[in-house]
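All chains, full assembly: derive it from the sequences and hints.
Chains P, Y, R, L, C and U, in that order, are what the protein sequence lines are.
The letter at position 58 of the first sequence is residue 58 when you use the numbering used here, and the numbering goes up by one with no holes.
The letter at position 37 of the second sequence is residue 37 when you use the numbering used here, and the numbering goes up by one with no holes.
The letter at position 137 of the third sequence is residue 137 when you use the numbering used here, and the numbering goes up by one with no holes.
The letter at position 139 of the fourth sequence is residue 139 when you use the numbering used here, and the numbering goes up by one with no holes.
The letter at position 65 of the fifth sequence is residue 65 when you use the numbering used here, and the numbering goes up by one with no holes.
The letter at position 114 of the sixth sequence is residue 114 when you use the numbering used here, and the numbering goes up by one with no holes.
It is worth saying that the hints were derived from the structure and are not from the lab.
The structure displayed is predicted, hence computed values, not measured ones.
Please note: incorrect hints may appear among the correct ones.
If chains are identical, the list can't say which one is meant, so a pair holds when it fits in one copy or spans any two.
Unchecked claim - Calculated lysine to any residue pairs in the SDA-like style (CA-CA distance at most 25 Å, straight line):
#, residue 1, residue 2
1, 9, 106
2, 146, 125
3, 70, 16
4, 159, 136
5, 123, 52
6, 105, 128
7, 6, 104
8, 105, 52
Protein chains: 6
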Amino acid sequence: MSEEVKTVKETCTIMTEMVLPNDTNTLNNLRGGKILHWMDIATAISAGKLANRPVVTVSVDQVSFLNPIKLGDVVTIESKVTRTFNTSIETYVEVWAENLPTRTKYRCNDAYYTFVALDSNGKPTRVPRVEPQNEEEQKQFDGALKRRQLRLIIAGRMKPEEAEELKALFVQ
Amino acid sequence: MSEEVKTVKETCTIMTEMVLPNDTNTLNNLRGGKILHWMDIATAISAGKLANRPVVTVSVDQVSFLNPIKLGDVVTIESKVTRTFNTSIETYVEVWAENLPTRTKYRCNDAYYTFVALDSNGKPTRVPRVEPQNEEEQKQFDGALKRRQLRLIIAGRMKPEEAEELKALFVQ
Amino acid sequence: MSEEVKTVKETCTIMTEMVLPNDTNTLNNLRGGKILHWMDIATAISAGKLANRPVVTVSVDQVSFLNPIKLGDVVTIESKVTRTFNTSIETYVEVWAENLPTRTKYRCNDAYYTFVALDSNGKPTRVPRVEPQNEEEQKQFDGALKRRQLRLIIAGRMKPEEAEELKALFVQ
Amino acid sequence: MSEEVKTVKETCTIMTEMVLPNDTNTLNNLRGGKILHWMDIATAISAGKLANRPVVTVSVDQVSFLNPIKLGDVVTIESKVTRTFNTSIETYVEVWAENLPTRTKYRCNDAYYTFVALDSNGKPTRVPRVEPQNEEEQKQFDGALKRRQLRLIIAGRMKPEEAEELKALFVQ
Amino acid sequence: MSEEVKTVKETCTIMTEMVLPNDTNTLNNLRGGKILHWMDIATAISAGKLANRPVVTVSVDQVSFLNPIKLGDVVTIESKVTRTFNTSIETYVEVWAENLPTRTKYRCNDAYYTFVALDSNGKPTRVPRVEPQNEEEQKQFDGALKRRQLRLIIAGRMKPEEAEELKALFVQ
Amino acid sequence: MSEEVKTVKETCTIMTEMVLPNDTNTLNNLRGGKILHWMDIATAISAGKLANRPVVTVSVDQVSFLNPIKLGDVVTIESKVTRTFNTSIETYVEVWAENLPTRTKYRCNDAYYTFVALDSNGKPTRVPRVEPQNEEEQKQFDGALKRRQLRLIIAGRMKPEEAEELKALFVQ
Chain P
1 MSEEVKTVKE TCTIMTEMVL PNDTNTLNNL RGGKILHWMD IATAISAGKL
51 ANRPVVTVSV DQVSFLNPIK LGDVVTIESK VTRTFNTSIE TYVEVWAENL
101 PTRTKYRCND AYYTFVALDS NGKPTRVPRV EPQNEEEQKQ FDGALKRRQL
151 RLIIAGRMKP EEAEELKALF VQ
Chain Y
1 MSEEVKTVKE TCTIMTEMVL PNDTNTLNNL RGGKILHWMD IATAISAGKL
51 ANRPVVTVSV DQVSFLNPIK LGDVVTIESK VTRTFNTSIE TYVEVWAENL
101 PTRTKYRCND AYYTFVALDS NGKPTRVPRV EPQNEEEQKQ FDGALKRRQL
151 RLIIAGRMKP EEAEELKALF VQ
Chain R
1 MSEEVKTVKE TCTIMTEMVL PNDTNTLNNL RGGKILHWMD IATAISAGKL
51 ANRPVVTVSV DQVSFLNPIK LGDVVTIESK VTRTFNTSIE TYVEVWAENL
101 PTRTKYRCND AYYTFVALDS NGKPTRVPRV EPQNEEEQKQ FDGALKRRQL
151 RLIIAGRMKP EEAEELKALF VQ
Chain L
1 MSEEVKTVKE TCTIMTEMVL PNDTNTLNNL RGGKILHWMD IATAISAGKL
51 ANRPVVTVSV DQVSFLNPIK LGDVVTIESK VTRTFNTSIE TYVEVWAENL
101 PTRTKYRCND AYYTFVALDS NGKPTRVPRV EPQNEEEQKQ FDGALKRRQL
151 RLIIAGRMKP EEAEELKALF VQ
Chain C
1 MSEEVKTVKE TCTIMTEMVL PNDTNTLNNL RGGKILHWMD IATAISAGKL
51 ANRPVVTVSV DQVSFLNPIK LGDVVTIESK VTRTFNTSIE TYVEVWAENL
101 PTRTKYRCND AYYTFVALDS NGKPTRVPRV EPQNEEEQKQ FDGALKRRQL
151 RLIIAGRMKP EEAEELKALF VQ
Chain U
1 MSEEVKTVKE TCTIMTEMVL PNDTNTLNNL RGGKILHWMD IATAISAGKL
51 ANRPVVTVSV DQVSFLNPIK LGDVVTIESK VTRTFNTSIE TYVEVWAENL
101 PTRTKYRCND AYYTFVALDS NGKPTRVPRV EPQNEEEQKQ FDGALKRRQL
151 RLIIAGRMKP EEAEELKALF VQ
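So, in structure tokens, the structure goes:
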């Protein structure tokens, strides 16, 4: 039985949002939690474009916030699927912001969100594979294994000494 | 000059939320991004109770979602400060949900959010220390060092071989 | 047949909210209606914890707003069941606010919300009793009768001269 | 110095809302707290039309919910000023709902909200008087005294034996 | 078979809204899109009052925004049905705003929204007629034909030379 | 003095939204007003990318809704500037929706929104020109004159007989 394959491009999603007063703190910076929320929606749509099924977030890798985003700025969120593992879907998302009056565009953060696709009974179900089409997509595809090991170790579901890919980082 | 010290308890924050239709996907599960948003608000309040200043989120450690939360369930979010480092504040947050009609309460996830306190010019500023008062608080306090090393490595700001605490995990 | 009994503590609910721009008037004070809304959610959760069933608000006693709550302040809403009468549940809720930068905490208001529990056909149904465990809970429990008479009189469902408990207030 | 006078009609406000999923409980009934919130906005606008200044809610009299309002129904909220006392403004609000497909219109509840007008320093300030123009407005105007006594007694700011108007209800 | 007839008055809807921070741009003007949204809700309720069925928006005629509406102002939206065509319902809506502190009331814009009523299978279904009761209602009723031709031409569903009513405007 | 010129591409904006329960009517169709609101935000961002200043909506041309958008569908809104006239900016926006589980993508509607750029005193100010780069952009650019005449006629600010471009449509 042949398996369905999609390109990374078919899963791309672009969201644009404006920073409104209710989403900022008293210094007029966008709350980190709101960015995490937007990134979850964008990546869930990317995962949904791959799976053509409902998906649920199973994990978010560490997110660092590089630059505060200011009230009134325009935020662009771009996401895509990087690799799939049976029933789980790793997605990558990047956030940029732009202050239109001063014409400054700045990078805010990126993240990996992982989803599981569910069948009509709410049980995890097999998803199509993605096939990288260029060098950058291939690099993301290859790195997915290492990120997956780190996720399992942090979640306490893999022993560090079994994580061959990661171990190499620490032992030279 | 003596430095201000607070107890972990002084920073505790409890939020209760109900899962509404707009926050769920088509299977009536609460979106992961909404939980991340609520956890950010709770931990920002905890960090604010410590610093008595505006705070901004600088990072969120990996979050795994153990159990999907259903429409109509009551969600309890409990957060507190675990340790501070000069200008940064590590907080811990736990999420539980409860289905009232069936009287089932289930654990959903936990996470570490890190904040920086800002002075009136928006620059990072020194924060009070927290002092652990019991064994569990001490354990969280001690673990903060290791989590901080992992954060710096993942963010590309520390070399793995310099992370003494983490290295021990991989090399025995 | 024995009847179910719960403690007041089992019904306690704590909500924490931040005052956002959309909820304030032009003087940056939180609208009274928003507080009433939050108090309704907190007390409905307390009533739901008692009844383990859907509940509907049937009345709110007079609410006085002591201190205006300012934009950016952190609001804490604590609610609990005080007493039940067959199908109805009286709850009590207290609201405090805190300005973190100035470290000032101030009392805002309190209120009694009454609910009815509904069965699966949407009809009022019998609810468990609460048993006061300390002096303060006993006082709230005892006062519930007098508050109930006042409610019925104001709603035009009881004649003032039948309200023995209340009458004593006016005739000495 | 002559004092400004307005008619009740000049303060009338009509709001129309639709009941949306996020405002209902699991039985598809509109939450009481949402109605209280809408009534607060409508009456605040009525009070603002009288005072031409910012106003803050100082109290809400007891509210009873007669009929549950269902998801999708159209809610009409009508408010007006009934009487003023130096710096405070009593308003009356009535809520009706309508199910368009079945052509049924039903009364939901009414309430009295009291506001204080604030000057530019946020201090209570004198407001115009309202002049009743018909029998119904006169009745509301006259009843305001008795309602004010009850408010003060419940808030603990007047002794029951001083409330002459109310006392008559209990002692015949 | 006799057909149901309603008056224009039976379809009147009044909405009152306040301009909140989240709905304004950086110059504190209400976004045009929010006004279009409010006008859609008001006219949908008017169309629903006529049809006593669910309705969907099928078109909005050109809308011009005469005066910017400012943060904090009170917006009044009044709508009514002007004429029906088998399954479609033309509605008219006018928007006024008022700045309470300065006592200035100004006209903002008006528009025609057209709806189709749907039966329980989601198919367009016949609606009652409206009968104009005064000169202004008659004028709106009569003008509906010309507006309908323009709509069909712009939507590419009628050839300009077939639009007899409109043609007269251009050829004299 | 040389004038600033931008390409159409520099003004492109893509928004992705999901249809949530609160934005639908009782037949689970997205409200037309919500689409109009989203289109206004997307086009305002496009106009802001051109002008690098705050912009206000001055008019929306007739909008026809071709296909109802269903609850849960993913909506893509793409906008760009088509032409500018001194201080005003015409933008074009297209809306597509997609039902992920059934893999059906359908066109919903398109529209022209016109904005004016404001200087720091809130007065209309000159904006850069856009230069079409391909046939389709040129066609939109050329059609802008005719659309502008129709807008002015409908708004009552131009006599039909002066609208040379439009007249040709009716008189052959």
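Cross-check of the supplied hints:
In the homo-oligomer, the alpha carbons of residue 9 and residue 106 lie at most 25 Å apart both inside one protomer (24 Å) and across protomers (19 Å), since each shortest distance falls under that limit. Only within a single protomer do residue 146 and residue 125 lie at most 25 Å apart by alpha-carbon distance; the minimum there is 23 Å, versus 36 Å between protomers. Taking the shortest alpha-carbon separations for residue 70 and residue 16, both the intra-copy value of 15 Å and the inter-copy value of 21 Å come in at or below 25 Å. In this assembly of identical chains, residue 159 and residue 136 lie within 25 Å of each other by CA distance solely across copies; the values are 24 Å between and 30 Å within a copy.
In this homomeric assembly, residue 123 and residue 52 come within 25 Å of each other (Cα to Cα) only inside a single copy, at 15 Å, whereas the closest approach across copies is 28 Å. In this assembly of identical chains, residue 105 and residue 128 lie within 25 Å of each other by CA distance solely across copies; the values are 19 Å between and 35 Å within a copy. Within a single copy, residue 6 and residue 104 get their C-alpha atoms only as close as 35 Å, which misses the 25 Å cut-off; across copies the closest is 16 Å, which meets it. In this assembly of identical chains, residue 105 and residue 52 lie within 25 Å of each other by CA distance solely across copies; the values are 12 Å between and 34 Å within a copy.
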